[in-house]
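> Here are the chains, one letter per residue:
2 protein chains.
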Amino acid sequence: MPKGEIAVTPNDGLSTRQRRNRPLIMVHTGDGKGKSTAAFGMALRAWNQGWSVGVFQFVKSAKWRIGEQTALETLAELHAKDGVGGPIEWHKMGSGWSWSRRQGSAEDHAAEAAEGWQEIKRRLAADTHRLYVLDEFTYPINWGWVDIDDVVQTLRDRPGNQHVVITGRRADPKLLEVANLVTEMTKVKHPMDEGQKGQRGIEW
Amino acid sequence: MPKGEIAVTPNDGLSTRQRRNRPLIMVHTGDGKGKSTAAFGMALRAWNQGWSVGVFQFVKSAKWRIGEQTALETLAELHAKDGVGGPIEWHKMGSGWSWSRRQGSAEDHAAEAAEGWQEIKRRLAADTHRLYVLDEFTYPINWGWVDIDDVVQTLRDRPGNQHVVITGRRADPKLLEVANLVTEMTKVKHPMDEGQKGQRGIEW
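As you go down the protein sequences, you meet chains A and B in turn.
Position 4, counted from 1, in the first sequence is what the working numbering calls 4; the numbers after and before it change by one each time, with no gaps.
Position 23, counted from 1, in the second sequence is what the working numbering calls 23; the numbers after and before it change by one each time, with no gaps.
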């Protein structure tokens, strides 16, 4: 199908323009690489549109995305200083969320993940960001730390025009159901299969 | 398999460090989204490492990646001005390559694609960049505009420590063979199936 053509014209009562600007839930899942990297690539486009971007990393280690974080925070500083692009906030779990008072209590990952989700709920309700990147959010859902039904209902009922990208393996079927766009990244060939470990600049 | 663990220790005469820093050929293929976006996300990491990045877009339309281009060129300007990060060059086909004298002759896409590949060959031979993004490069290969055997031999024989990411659908089996890392992006669900067209900030 050529780019830009659509398969069917739906009978949903929306104009093409309304449909075009409908806020999206996007899921990047599968065992392959690129799930998070593609989500952060999307943040580049959002920045260029002047959108407010909120990144929330649900991972223990802060090491793996430091390149993206530094680059996106550099763009965010440019926005703050010169007004180009949009604002980007980067929050990560593992050392205690930046907005949380419970610094040092990071041993309780379940509580920390739940706290992250509560903040995202507040921001969605307040129509805070135009793009949310919930990085590796499938894991706290799958471990039962965050309630999938609460996630689905919150996403479905969110106000305004807020796009949400969720990354991580084994996305819950209910999450796939509420998503507008689901891409599966499949590993076809990986250098670790040839005995190669991750390297600076490529993996982080 | 936990992050960082390797399946086998190969008997290739390389130390772990040599193996770790081995330059990679990476291919993002499949019908799903995120192939190019993930490649541009990798450029963020490369920028943060201070690497030289060369982006070559083998597409006719310049519209679709304008967000990433603007954001990465903004980071490149910061490098030029303040020395942070690394240099990023963004070249695109369709309006004539920036280094080419044949401006206005862009009607001959086959010649233009071949010209793009010749420049990439020169740069690879000269060890110019640390990361090359050859965006949608599978198409000129598949259309016979660029010779796959030449591509494979050039990539295999490239000097130094140059990483190459190639994106596009239907990657040639010979390209998959020479690649160290292949990820297939598969469409599970797409809003165009629901009659939604692309939208600003999401698709470009």
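Source of the hints: derived by calculation from the structure; they are not laboratory data.
A portion of the hints provided could be inaccurate.
Same chains, same label: a pair holds when it works inside one copy or across any pair of copies.
[As the list claims (entries may be wrong)] Simulated crosslink set (DSSO-like; lysine-lysine; CA at most 27 Å straight-line): (1) K174 to K81; (2) K121 to K189; (3) K174 to K121; (4) K174 to K187; (5) K81 to K189; (6) K187 to K81.
Here the structure is a predicted model, which means the values were calculated and not measured.
> As a check of your reading, is K121 near K189 (CA-CA no more than 27 Å) within one copy, between copies, both or neither?
Cα proximity of K121 and K189: across copies only (25 Å, versus 38 Å in one copy).
> When no copy is named, should K174 and K121 be tagged within, between, both, or neither for a Cα gap of at most 27 Å?
So K174 and K121 pass the 27 Å test inside one copy only (18 Å; across, 47 Å).
> State whether the alpha carbon distance between K174 and K187 is at most 27 Å within one copy, between copies, both, or neither.
both (24 Å within a copy, 17 Å between copies)
> With identical chains, the pair K81 and K189 could be close in the same copy or across copies; at 27 Å between alpha carbons, which is it: within, between, both, or neither?
Classified as neither: same-chain Cα gap 43 Å, cross-chain 39 Å, threshold 27 Å.
> Go through the copies and call it for K174 and K81: within, between, both or neither, with a Cα cutoff of 27 Å.
neither (41 Å within a copy, 48 Å between copies)
> Could you place K187 and K81 in one of the four classes (within, between, both, neither) given a Cα distance threshold of 27 Å?
neither (41 Å within a copy, 39 Å between copies)
Figure legend: structure checked against the earlier numbered hints; hints not met, in rising order: 1, 5, 6.
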